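So the protein lines, in turn, are chains A and B. Reading the first sequence from the start, the letters are residues 3 to 158 in this note's numbering. Reading the second sequence from the start, the letters are residues 8 to 498 in this note's numbering.
Hints in this document: simulated from the structure, not taken from any laboratory. Any given hint could turn out to be false.
[Unchecked claim] Below are the DSSO-like pairs computed for lysine-lysine, each with C-alpha atoms no more than 30 angstroms apart in a straight line:
| hint | chain 1 | residue 1 | chain 2 | residue 2 |
| --- | --- | --- | --- | --- |
| 1 | B | Lys-86 | A | Lys-117 |
| 2 | A | Lys-45 | B | Lys-213 |
| 3 | B | Lys-30 | A | Lys-39 |
| 4 | B | Lys-333 | A | Lys-108 |
| 5 | A | Lys-117 | B | Lys-213 |
| 6 | A | Lys-4 | B | Lys-271 |
| 7 | A | Lys-149 | A | Lys-128 |
| 8 | B | Lys-158 | A | Lys-108 |
| 9 | A | Lys-45 | B | Lys-30 |
| 10 | A | Lys-43 | B | Lys-86 |
| 11 | B | Lys-30 | B | Lys-271 |
[Said to hold, decoys possible] One-sided and incomplete, this derived list gives chain A residues near chain B with beta-carbon spacing under 10 angstroms:
| hint | residue |
| --- | --- |
| 12 | Thr-10 |
| 13 | Ile-56 |
| 14 | Met-57 |
| 15 | Asp-95 |
| 16 | Pro-98 |
| 17 | Leu-101 |
| 18 | Ala-109 |
| 19 | Leu-118 |
| 20 | Leu-119 |
This structure is a prediction, so every number in the text was calculated from the model and none was measured. Quick reminder that beta carbons are idealized off the backbone N, C-alpha and C, glycines included.
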Amino acid sequence: MKISDLLTEDLVVTHLEGNSKDDIINSIVDLVATSPKVLDKEKVREAVFEREQIMSTGVGDGFAIPHGKTDAVSDIAAAFAITAEPIDYESLDEKPVRLVFLLVSKANMVGPHIKLLSRISRLMNKAEFREKLLHVSSPKEIIEMFKQEEATYFEG
Amino acid sequence: MISFEYILLVSSGLILISLAIAKISDNFGVPTLLLFLVVGMLAGSEGLGGIEFSDVGLARSIGTIALVLILFAGGLDTKWSSVRPVLREAGILATAGVFTTALLVGVFVSYAFGFSLLEGLLFGAVVSSTDAAAVFSLLRSRNVSLRGNLKPLLELESGSNDPMAVFLTLGLIQVLTSQIETAADFIILFIYQMGFGAVLGFGLGKAMVFLLNRFKFSYQGFYPVFALAFAVFIFGITAVINGSGFLAVYVAGLIVGNSEIIQKRSLLRFFDGFAWLSQVVMFVTLGLLVFPSHVASVVGIGLLVSAVLMFVARPVSVFLSLAFSKFRWNEKALVSWVGLRGAVPIILATFPLLAGLPRAELMFNLVFFIVLTSTVFQGWSIPLLARILNVDAPLERTPNYPLEFDAPRESNTELVDLMVPYNASAVGKTIVELGMPQDSLIVLIIRNEEFLVPSGGTVLESGDTILVLVNKQNLPHIRELLAEQRAKEEA
Chain A
3 MKISDLLTED
13 LVVTHLEGNS
23 KDDIINSIVD
33 LVATSPKVLD
43 KEKVREAVFE
53 REQIMSTGVG
63 DGFAIPHGKT
73 DAVSDIAAAF
83 AITAEPIDYE
93 SLDEKPVRLV
103 FLLVSKANMV
113 GPHIKLLSRI
123 SRLMNKAEFR
133 EKLLHVSSPK
143 EIIEMFKQEE
153 ATYFEG
Chain B
8 MISFEYILLV
18 SSGLILISLA
28 IAKISDNFGV
38 PTLLLFLVVG
48 MLAGSEGLGG
58 IEFSDVGLAR
68 SIGTIALVLI
78 LFAGGLDTKW
88 SSVRPVLREA
98 GILATAGVFT
108 TALLVGVFVS
118 YAFGFSLLEG
128 LLFGAVVSST
138 DAAAVFSLLR
148 SRNVSLRGNL
158 KPLLELESGS
168 NDPMAVFLTL
178 GLIQVLTSQI
188 ETAADFIILF
198 IYQMGFGAVL
208 GFGLGKAMVF
218 LLNRFKFSYQ
228 GFYPVFALAF
238 AVFIFGITAV
248 INGSGFLAVY
258 VAGLIVGNSE
268 IIQKRSLLRF
278 FDGFAWLSQV
288 VMFVTLGLLV
298 FPSHVASVVG
308 IGLLVSAVLM
318 FVARPVSVFL
328 SLAFSKFRWN
338 EKALVSWVGL
348 RGAVPIILAT
358 FPLLAGLPRA
368 ELMFNLVFFI
378 VLTSTVFQGW
388 SIPLLARILN
398 VDAPLERTPN
408 YPLEFDAPRE
418 SNTELVDLMV
428 PYNASAVGKT
438 IVELGMPQDS
448 LIVLIIRNEE
458 FLVPSGGTVL
468 ESGDTILVLV
478 NKQNLPHIRE
488 LLAEQRAKEE
498 A
């Protein structure tokens, strides 16, 4: 499954407002809830915060990947945001976060879920790619960049 | 007198042969149940085995108990969350759909072959239900995968329509033997049977959940025994008061399977085994019971009735039943074709025989033939048709990795997915060097979308997703191990 297929322009924002980690997670859950795949927004919120409690998903270098598994989505829903301000996300490297990818999967789709986590994690592990993302201005461009990046790394 | 040891030897031999043949034919896509039936026929009095078996009553008893276990196991294995969206549609198919099928087939055979209308309807009722075992084994096999809600719809329909067929068959026999006089009585009987079946199945299913969780058996082996006995008890008590025992066990299975119970996994496995045993025994028995030469003598009209059932009765009843649903025409066409007939019609066909109705013998052989054609033609062509109608889904490759974990109730263990942070000091270390706490295990590493089963010497990489089986108390320790960052100058 491709990340660029999961994202539509409605599910990407370039200036996500919020002052704290909780703000940001709440806003991006609201964002993903605009997808018809989300059946129950509050349950999604719960699942994401629950996972966050186990261990912060701020994996470092300014990137966070909040995620969760719940039957409140019909299969796999995602959203991507660049925060308006650097956010203290309780990241493991204590660096503030700018890039946030939310992934929510149906409870029985563990396989695809962790594969996507692995794919996102690999893409975002490239400093140049993170840098490029921070300098785009529109959701359309962001999706285009994910497309290109995926084409380079996973099909080439 | 044949010795008991001899009977044991032969019956176990037949089961083993059936399983071996099923295994060998795994790759040819032959419907497994058909093979069991053929083994029975070959072993029978007209086949190689020459076993004389013509005890219709015994065959019916075996069929009944097998069906009870298959329905209970089917209910146990049905996820409520997946069938809930199709509850209404499946319910209509299982009642009105079955009735329509029975009516259309009944009218046809009475018109075409000079059966009386009631006899025709009885025949229609006998073949009216689709077979849960056949549909389940088809849908869960590796050759076919259906899109959207088709799979839960078909599973729920086939699991829940047998009680309707049983009711129609037994009800019509009572009419034919003049135990029921008016249409009103017939309808009252229907409401009574289904009502008691559903209510007792629900209530006793709940009771079973409560008792399973309440009893602290000192031997684990008691749990499945208790559940088995209780399932048969639910059937028995419902049937004794004239409710639909089959509906009751299916509903009870649904309730139990969707509740939190102790030992759920082992119960599911136990009943899965029992359901398969029931399938083999039931089909082999029915294969033994039939005289292939008698079936061969009805090939002509058999083909005709099969065709009417497959191409007219079933499609009409499906399209009528689903007229107000969201399913599209191609989906309805597929549902029409997944009208697999199985053991239930053959078991039901023994009832007229035992009731001594005229033409019962002809009906039995016809039913047998119809089941054969349905299994062969429909069973084989469903994957192809699904592709043509564009309702198939890409086959999910289910990797055999421990991606899911059902924590036992009293344990503290959990399976969590964690990510190795980009600049963690754990990056570049082997798992042994990492020094995981006791009671925790990295069971799987997902790297570049590949699943790796780690060993102690596996080196962690930045951004790896790992599945960790961990005692909850140790979670903070693991969090620390992963959170620790590489020294600043390296980062």
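So, going through the hints one by one against the coordinates:
1. B:Lys-86 - A:Lys-117: 25 angstroms, holds
2. A:Lys-45 - B:Lys-213: 27 angstroms, holds
3. B:Lys-30 - A:Lys-39: 40 angstroms, violated
4. B:Lys-333 - A:Lys-108: Answer holds: B:Lys-333 to A:Lys-108 is near 23 angstroms, not above 30 angstroms.
5. A:Lys-117 - B:Lys-213: Given pair A:Lys-117, B:Lys-213 is violated - Cα atoms ~39 angstroms apart, limit 30 angstroms.
6. A:Lys-4 - B:Lys-271: 36 angstroms, violated
7. A:Lys-149 - A:Lys-128: 15 angstroms, holds
8. B:Lys-158 - A:Lys-108: Answer holds: B:Lys-158 to A:Lys-108 is near 17 angstroms, not above 30 angstroms.
9. A:Lys-45 - B:Lys-30: Given that 30 angstroms is the threshold and the Cα spacing comes to 44 angstroms, the pair is violated.
10. A:Lys-43 - B:Lys-86: Satisfied, since the Cα-Cα distance of roughly 23 angstroms is no more than 30 angstroms.
11. B:Lys-30 - B:Lys-271: Roughly 28 angstroms separates the two Cα atoms, so the pair holds.
12. Thr-10: Result: violated, 21 angstroms to nearest chain B Cβ.
13. Ile-56: Holds - the Cβ of A:Ile-56 comes within 10 angstroms of chain B, reaching about 6 angstroms at its closest.
14. Met-57: Hint on A:Met-57: holds, closest Cβ of chain B at ~5 angstroms, below 10 angstroms.
15. Asp-95: 5 angstroms, holds
16. Pro-98: Not OK, violated: A:Pro-98 not within 10 angstroms of chain B, min 14 angstroms.
17. Leu-101: Not OK, violated: A:Leu-101 not within 10 angstroms of chain B, min 12 angstroms.
18. Ala-109: 9 angstroms, holds
19. Leu-118: 8 angstroms, holds
20. Leu-119: Constraint on A:Leu-119 satisfied, holds at 5 angstroms.
Hints 3, 5, 6, 9, 12, 16, 17, counting from the list given before, are not met by this structure.
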